[in-house]
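Student: Chain R is already provided as a structure; the job is to place chain S on it using the hints.
2 protein chains.
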Amino acid sequence: MMPTGQDHRYDADGMTCIGYLAVPEGDGPFPGVLVSPAFSGLSDTERASCDRLAQQGYVALGVDYYSGGKLAADRDEAASLMAALQADRPLLARRMEAALAELRGLPQTRGRKLGAMGYCFGGKSVLDLARAGAEFEAGVSLHGVYDAPPAGSKRIKARLLICDGWDDSLCPPEVKVALAEELNAHCDDWQMLSFGHTGHAFTNPKAAASKGFGYSEAADRRSWRALSDFFADHLN
Amino acid sequence: MMPTGQDHRYDADGMTCIGYLAVPEGDGPFPGVLVSPAFSGLSDTERASCDRLAQQGYVALGVDYYSGGKLAADRDEAASLMAALQADRPLLARRMEAALAELRGLPQTRGRKLGAMGYCFGGKSVLDLARAGAEFEAGVSLHGVYDAPPAGSKRIKARLLICDGWDDSLCPPEVKVALAEELNAHCDDWQMLSFGHTGHAFTNPKAAASKGFGYSEAADRRSWRALSDFFADHLN
Chain R
1 MMPTGQDHRY
11 DADGMTCIGY
21 LAVPEGDGPF
31 PGVLVSPAFS
41 GLSDTERASC
51 DRLAQQGYVA
61 LGVDYYSGGK
71 LAADRDEAAS
81 LMAALQADRP
91 LLARRMEAAL
101 AELRGLPQTR
111 GRKLGAMGYC
121 FGGKSVLDLA
131 RAGAEFEAGV
141 SLHGVYDAPP
151 AGSKRIKARL
161 LICDGWDDSL
171 CPPEVKVALA
181 EELNAHCDDW
191 QMLSFGHTGH
201 AFTNPKAAAS
211 KGFGYSEAAD
221 RRSWRALSDF
231 FADHLN
Chain S
1 MMPTGQDHRY
11 DADGMTCIGY
21 LAVPEGDGPF
31 PGVLVSPAFS
41 GLSDTERASC
51 DRLAQQGYVA
61 LGVDYYSGGK
71 LAADRDEAAS
81 LMAALQADRP
91 LLARRMEAAL
101 AELRGLPQTR
111 GRKLGAMGYC
121 FGGKSVLDLA
131 RAGAEFEAGV
141 SLHGVYDAPP
151 AGSKRIKARL
161 LICDGWDDSL
171 CPPEVKVALA
181 EELNAHCDDW
191 QMLSFGHTGH
201 AFTNPKAAAS
211 KGFGYSEAAD
221 RRSWRALSDF
231 FADHLN
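In the order they appear, the protein sequences are chains R and S.
Here the first sequence stands for residues 1 to 236, where the numbers follow my numbering.
Here the second sequence stands for residues 1 to 236, where the numbers follow my numbering.
If you're looking for bench data, these hints aren't it; they were derived computationally from the structure.
Check before you lean on any hint, since a few could be wrong.
Put simply, identical chains are the same to the list, so a pair is met inside one copy or across any two.
[As the list claims (entries may be wrong)] Mimicking DSBU-like on lysine-lysine, the simulated pairs with C-alpha atoms at most 35 Å apart in a straight line are:
(1) Lys206 with Lys70
(2) Lys113 with Lys206
(3) Lys113 with Lys154
(4) Lys70 with Lys211
For reference, chain R alone in the conformation it holds in the complex:
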């Protein structure tokens, strides 16, 4: 699949972000979806997801939550970048809110419903956007990483779909249960879809297979269908 989108600069909290924007063919406006990347930062993987969503009828904005278009060169750099944002959850929320505001302000989405999806730390960022009380209709986290909600979290307005691997070493059963209980307390509409024999990063064909990690063709396909149905139901 050839990329159909292009780099898209926007401002977040005084920083310039280099996102990626893919727009459906035809006359808009269209519903919009934020695509929040895994911890390496916005890469061709998420650009491809934006293109795929555009082909499904959504204006898709790839989020540059690190700002400046930073893309980690390796896992160590990615971990370091993630740790810095993880240490400042209000900043992460503001970066996500800025991307959502950018998506909302585009002429191609005018007046239409908005959603958000994310991979890995991008899944947490979607959750933190929701926890910040942001106005969007539907959020999806794919093999997200979770911990306690940050201080000052608000009632969640978005519907949420959480997809995870049962074997995900970053999301063991007790973390899934804690997240479910948090959502039951603070979110009116949520679902959790767990895939057996599936580890972290199951959507990424390049993920190194090791205990608790690895690509799963079945989980990748099933989670994308669940996401597509969820957005079709709630963004149209």
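Tutor: Just chain S now, kept in the frame of chain R:
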């Protein structure tokens, strides 16, 4: 929706069962699905599910696991009937295996793939059929009730989809986790879809709403779509 099927007698372990058979229009053979009832026994609710599956292209056989066409008059009688079968899990498995053999032997399913789905105790019965090592492709449990697998359980050959309400008082989080761990150990392909704010019997519009119980239009619709996609993927 008008019923399109009819009563269908078959033998199970020397007992006559009065099931219900719904067949798609057109030329077969078609893939087949067992429909295993909630603890009251085979009722119009499950007959309607058979009809719906027939409209989706499946030969659907409603299971009479109590035999004799027994339908409990009230919840107390249902609980008593269920307790008797629960006390003899090998008998439950044989009753399910007889229904599967009946479905497999029908001219309308000849050579096609078979699945099974069930509600409540019927969900457990599908699981016990799988635990008995039965040959079928895909099983779905909707707000099933779970406990430890019976002695002598075998490797599960079927793919499984478990749909449950997070608030289901008959399936609290520790039961979900135990089931997931059992499946991870004994079943090669399984998924679990949990619905927030959803209790037991979420598919049943007549279910009395109380803590941990009650109908959910959203969970009913979402679980049926998940079931339909799952069967479409694995029975065709």
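Student: Against each hint, give a clear statement of whether it holds in the structure.
Tutor: Hints, one by one, checked against the model:
1. Lys206 with Lys70: Within one copy, since 20 Å is at most 35 Å while 55 Å is not.
2. Lys113 with Lys206: both (33 Å within a copy, 34 Å between copies)
3. Lys113 with Lys154: within (21 Å within a copy, 49 Å between copies)
4. Lys70 with Lys211: within (29 Å within a copy, 49 Å between copies)
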